[in-house]
Amino acid sequence: MKAPSERDAVEAQTSIDLVRRIGRGDRAAEREMVERYGRGLLYLLRRRTSDPELAKDLRQEAYVIAIEKLRASPIDEPERLGAYLRGIAINLVSAAQRKTRRRATSTDLESIDAASDARPGPGDTLSREQIAASVRALLDELPVDRDREVLIRLYLMDQDRDRICDALGIDASHFNRVLFRAKQRFKALLMQAARRRKLDVVS
Amino acid sequence: MSMTRQDIERRLVVERYLQGKLTPSEEAAFEETYLGDPDLLDQIELAERLREGLGELALAGELPRSRPRRRLAFLASAPYAAAASVLLAASLLLSTVLYVQNAELRARASGEIPAFRIEPLFATRGDGHVIARPDEGEWIMLMVDPGASDYETYRVTVRPSQPAAAPLVQTSGIEPGYEEALAVGVPGARLVPGDYEVIVEGDADGEWRPVTRLPLHVEAAPQSSAPAR
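From first to last, the protein sequence lines are chains S and P.
For the first sequence, my numbering begins at 1 and goes up steadily by one.
For the second sequence, my numbering begins at 1 and goes up steadily by one.
Honestly, I wouldn't trust all of these hints.
As the list claims (entries may be wrong) - Short, incomplete list of chain S residues facing chain P, as computed with Cβ under 8 Å:
no.	residue
1	Arg7
2	Glu11
3	Arg36
4	Gly82
5	Cys165
Don't read these hints as lab results, they were simulated from the structure.
C-beta atoms are modelled at their ideal positions from N, C-alpha and C, and glycine is treated no differently.
Excised from the complex, chain S in its bound form (with noise of 0.2 Å):
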């Protein structure tokens, strides 16, 4: 993982780099910003509609969007691109809450989707249950009972991170330790997981 600074100047470099070269005309330019932001701008867009058909459509919607001004014009902070489709996906979110009518295009919709959707996320293709079942073998796993306490209270029951370590008689640091660590574990699990299915399918 990059340091801070560094990453924040590669990021605005590229941005600043694919606004030019859209602006141009470059047809690679456009696929390689639908596949940096596609999965990204999906979550986003998921999470505001709960509604994954809608997410999708409305993805590909900000990006008709996005590569016909982009075409055309210059943004104002092109080494902000990603808060520039960040502004489009929210106020097309808005627009399909009120059930504005959806705009016709005529840009190929097909490769948008299929270049967004290049890398799945960490459990991407398993299923609820073999989810909960890696979940069970975390806990499982965890040396005590306090260590899932500090799980079941920051993602069952909401609780901030001050509460949980007042309830629990356990300092910031060691919170930040049972955390980085479970989820590292988890990450390893679902991993396996998938690897299993996809045996599995093979077989």
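Following the hints, position chain P against chain S.
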């Protein structure tokens, strides 16, 4: 403006985002940041899967107890037992409300969790507990108060109150969950209007010992819940 990775970790931004507790400006900055950052998206989705999995286990009554159970001798006396029951009822009600709110939020976010309703059943409710007939496909999650008993595991049976009626649901090996309640899921389609009883038994080394029997009435009227008949 985007957030640094250090900020995100130090301020527990991923978890607060999923809890819906970020301020609008924090939320905008965080969304701008994760939009083009697959590693950060992995972290968010990992935390989300953890929430979903814990929710599934809670629904299935498989979560470990929140704290060690302690049996204090003075609680065996009637006045303390009554006071404890009232406190338990109040705290169970509060936790149930929070649980329902969390579950509804998760259901809205994922669109996948089936409809369910949580109904607490307390020994302190007097003549019984009345619930409205569930919708088709809805699940009723009974949170049963086992009173002052102290078994490691329990068996809960839900059956019509007519003599010799077959049980609708019988679940063994239930450990008390949060607030010491026993969680039992009943398919709503099977809870037709009528009188039922919820029988709780404790596991004494393989032998089921009676703990309590709680009356339950399902009425046809479209209301969510009524306190007592």
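Name the hints, by number, that the structure is in violation of. Number 5 only.
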